[in-house]
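Chemist: Below are the chains, spelled out letter by letter.
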Amino acid sequence: MKPNQAIIHLEKVVKVYQGLAGEVRALKGVDLSVVAGEYVVITGKSGSGKTTLINMISGLDQSTAGKIWVGGAKLEQMNQEETCQWRLSHVGVVFQTFELLPTLTVVQNVMLPMDFADVAPISEHRERAMQLLEKMEIADHADKFPSAVSGGQQQRIAIARALANDPPIILADEPTGSLDSVTTGVMLDIFEGLVEQGKTVVLVTHDNDIASRAPRTLVLSDGEFIDEKSRL
Amino acid sequence: MMRTRWYKIRNDLLTDKTRTFLIILSIAIGLIAVGTIVSARAVLSTEIQRSYVAISPSNGTIRTAELFENDFVNSVRRIDGVHEADARRLLTVRCQTQPGEWKTINIYVVDDYEKIRLNKIFPNEGAFPPPEREILIERAAMQVLNIAIGDTIKIEMPNGKTRKLTVSGTVHDMSQMPAQIDNTPYGYISFETLKWFGQSYGFNELNIATENPEDANFVQWVNSEVKNHAERSGMTPSLALIAEPGQLPLDDLLNAILLLMGFLGFLSLMMSAVLIINTVTAMLAQQRRQIGILKAIGATTRQLLEMYLVMVCCYGAAALIISIPVSIAASRALSQFLAKMFNFDLMHFSIPLTSILIQVITGLLVPVLASLTPFLNMLKVSAVQAMNAFGNIKSVSSKSWIDRTISGSKLWFARFVLFRPQLLSIRNLFRSKQRLLFTLITLVLGGGIFISVFSTQSSIERTLDDFVKWYNFDVMVNLQRPYRTQEIEHAGMQIQEVKHIEFWKMLPSRMVRSDKSETTTINMIVVRTNTPNAPSPTITEGRWLLPDDENAIIISSTFARDENIHLGDWITLKIDGDDQSFRVVGVSLGIAAPMAYTNFSYISRITDEVNQADAVLISLKNPAALQKETVNQIERHFKDKGFQVYSVITMQDETAEAYNLFGVITSLLLIMAVLLALVGGLGLMGTMGINVLERTREIGVMRAIGASNRNVSNVFIMEGMVIGLISWLFGALLAIPLMFLLNSGIGLALIGAPLNYAYSFQGVLGWLALVLALSALASFIPARNASKLTVREVLSYE
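Read top to bottom, the protein sequences are chains A and B.
Residues in the first sequence are numbered consecutively from 8, following my numbering.
Residues in the second sequence are numbered consecutively from 437, following my numbering.
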């Protein structure tokens, strides 16, 4: 049975960018509620505001207006420093371009968030990281550099890193955008596995095939939700 | 076990070795320049003093027309205030090292070389003390005389007697001016050898050291007492020299050099700091994306600041590991070069703590401070903005006037003149305006210094040209005593090569100050002003002498500076034992020794030597054909006519002596110019290298859309050269005030007046060539390396 409290709640969230051609309203008063343990896919065309929405939820960027509650924290009231610290233990972010640090090995990339969180002793970091890599079936490559492994493997590393501090929420921005279809399938299995473990997963994609696998899909267009499908 | 964040820093430093090397090099180069100059300056100022103190220097010297012996010396030692006294014999004679080539040489004769009490002479090589019938030469003079130990030279005494002496060794006599500077060699013989020349025993130079040497007034008083004692003893002091406390023979030159080094050291420190700021800012800009990722993962500001400050400190520390030993070696080399110039030994070479501290502070603190502002600015940017280097909507501003100027229709002419890649170069330059500014500052400073140094060199040459041009004669014959000018002229005009003859009287005198103390000997030249060929020196204030002038006097700028005399002042000179008053009507350009000029007719009257002169200035019909044989012929002719010739000098020799004095300065200027050009150039290489590295992906994109390796290289080379060109322009402008500062500083220190300004267009063109070459090279090498990578490799480059 899944928890029924909203772990993510957005209320009339607006994001406006100042661009060369003037103002760009990437989000036009978006409302969203996600219950703990839910798997939600947000889909839409390029420029619909998907990445902006993920950035709002993760605290990677700040909204222009509206309320954002994530994991019990009011993000619109937090400054960058506070959201950084909050993000360490509440959110794991997976990016389309993996964003691994090239000068750290695979296992060091996964250990890095543990280092910043400074919760467990340093001596335990590697063991914990190796456990995560084993779950992602990539432990054999632990001491290689990211450039030495494939795109799919890099994305697994990124997911392992996102899980480093055992956050309750996983946010993924086009995680399969750089991958082939076989690897995409594997990635989606991983995300579904995380949901079964009790994580809340919000995934944005432009790929409708991916959206069709999710129990709940929201369609974003021009900064507004225009449709919602539920397969419960 | 190390935290993972430190592995990131360590790996960042070790993975991209080229980038790390460039950053460390950029920092190290500036530190080396600063460390070298500061250390060498400190070593020079302390060691030369230490070497000088070791000789037990006198602070007063009196030369007498008559000889005296040890009784007189002992009586001087008993005078109140005299700490020590010592005596020697000085003869100014001629020596022949090559057939037909005679040179004036000062020979000292000492009773016991191993028991000298003041102005000690130390053995350098070969025999010591001088064996009988042999001579020792001051080591700096060996080069001037162009001889070696074992050679034989012929010495001609004032009485005409000549002897051949074997040079059996060299000595180090630091109380004399280095021969390579004033072109005057010194030799040392024994009294037995002097007797062999038919000269009698006796001293004519008394050196004294007073008690309380730091008290200038006391020193002067004691010297006056000694001089008076000499006069009471029936002697005629012909020369009196008093040294200021701690004054060295080359004090003016040394002060000028220390000033120059201080000035250039400060400028190189500024250059170094700007270079470091630019390098660190560029390095941080490259890390922007990774900082965004770290923020996305959850790193706090404090954690990020800690990481990157450690990284910056690592660069600084690595640069110090290179710069400290290199600057020690370079400053040792520079100090040894200057020690050789000043003819002293580096007894100790210890790097002053100040030099190390300055390097450490510059190497560690400046990068840290430099990184704070850009780093804190970067932290203000959101994680997603930092990660998204190309997608940041706010990152490109159209509001900048620079961007508007170089965009779109403004460059309509480009379609006719430039190719697209060159447009790209110009626009690329202004993408990071701050980095461009700091790169330019470094180069402009380097260029400004380079050009100003060359301009100062030109100014020195122009000043010296002005100084020597008044010697508009070719040969000067100094006679042992005054002769009637009519006789001299009659004899001189019999020489076929002679075009015309002018006369001077050389009248050493001393100025009597208001407190009755006397100055050192002033070289007073008594000149005729009513003849068409009468030479006159460059006047910096007031006027030259007029034919009707009675007690008017012109003094040299160094004399005016040292004694604080101004135009219009009345001064008292002691001439032949009598006090005479003169009014200063002009100040002339002077170098080194104090000089004065008075009217021939007036001095003739007051000295009762009407129409008599002891210096003959000869202008030749064909000066270009002046040979040593001509000089010998002139000397022989006057001797044959019964004149007692003291010495014969050519203007070529006098000019060379003047240039030699400045030779140290010009050599040092050149070294500094090269060093600072190197700092600027290598700094540019470092910055351009980093520029190329951080645009490696851009290179990949260009190649992916069809640009050839040459196209890519050309874009960066053009960028580098445009930076070089802009810096050259501003550097040429900056050189003007820098040149004024240098000219004033060096001129006032050396000659009591600013140098004559001469802007060196040669330096301007030289810097242009150098900076364009450096810019092209700085861009070409990293661009070529980047273009060698495959497109796939560069597109995946982080």
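Read the hints as simulated data drawn from the structure, not as lab findings.
Ideal Cβ positions, reconstructed from N, Cα and C, are used throughout, including at glycine.
Some clues are possibly wrong.
Claimed, not checked - As a list, the in silico EDC-like pairs of lysine to aspartate or glutamate whose alpha-carbon atoms are at most 16 Å apart:
1. 816/B / 89/A
2. 600/B / 647/B
3. 1010/B / 954/B
4. 631/B / 687/B
5. 816/B / 234/A
6. 19/A / 83/A
To be verified - Computed footprint of chain B on chain A, listed as stretches where at least three residues anywhere in the stretch have a Cβ under 8 Å from a Cβ of chain B:
7. 37–46
8. 110–117
9. 176–190
10. 203–210
Chemist: Run every hint past the structure and note whether it holds.
Modeler: Evaluated hints:
no. : hint           : verdict
1   : 816/B / 89/A   : holds, 13 Å
2   : 600/B / 647/B  : violated, 42 Å
3   : 1010/B / 954/B : holds, 9 Å
4   : 631/B / 687/B  : violated, 36 Å
5   : 816/B / 234/A  : violated, 36 Å
6   : 19/A / 83/A    : holds, 12 Å
7   : 37–46          : violated (count 0)
8   : 110–117        : holds (count 3)
9   : 176–190        : violated (count 0)
10  : 203–210        : violated (count 0)
Hints 2, 4, 5, 7, 9 and 10 from the list above are not met by this structure, while the remaining hints are.
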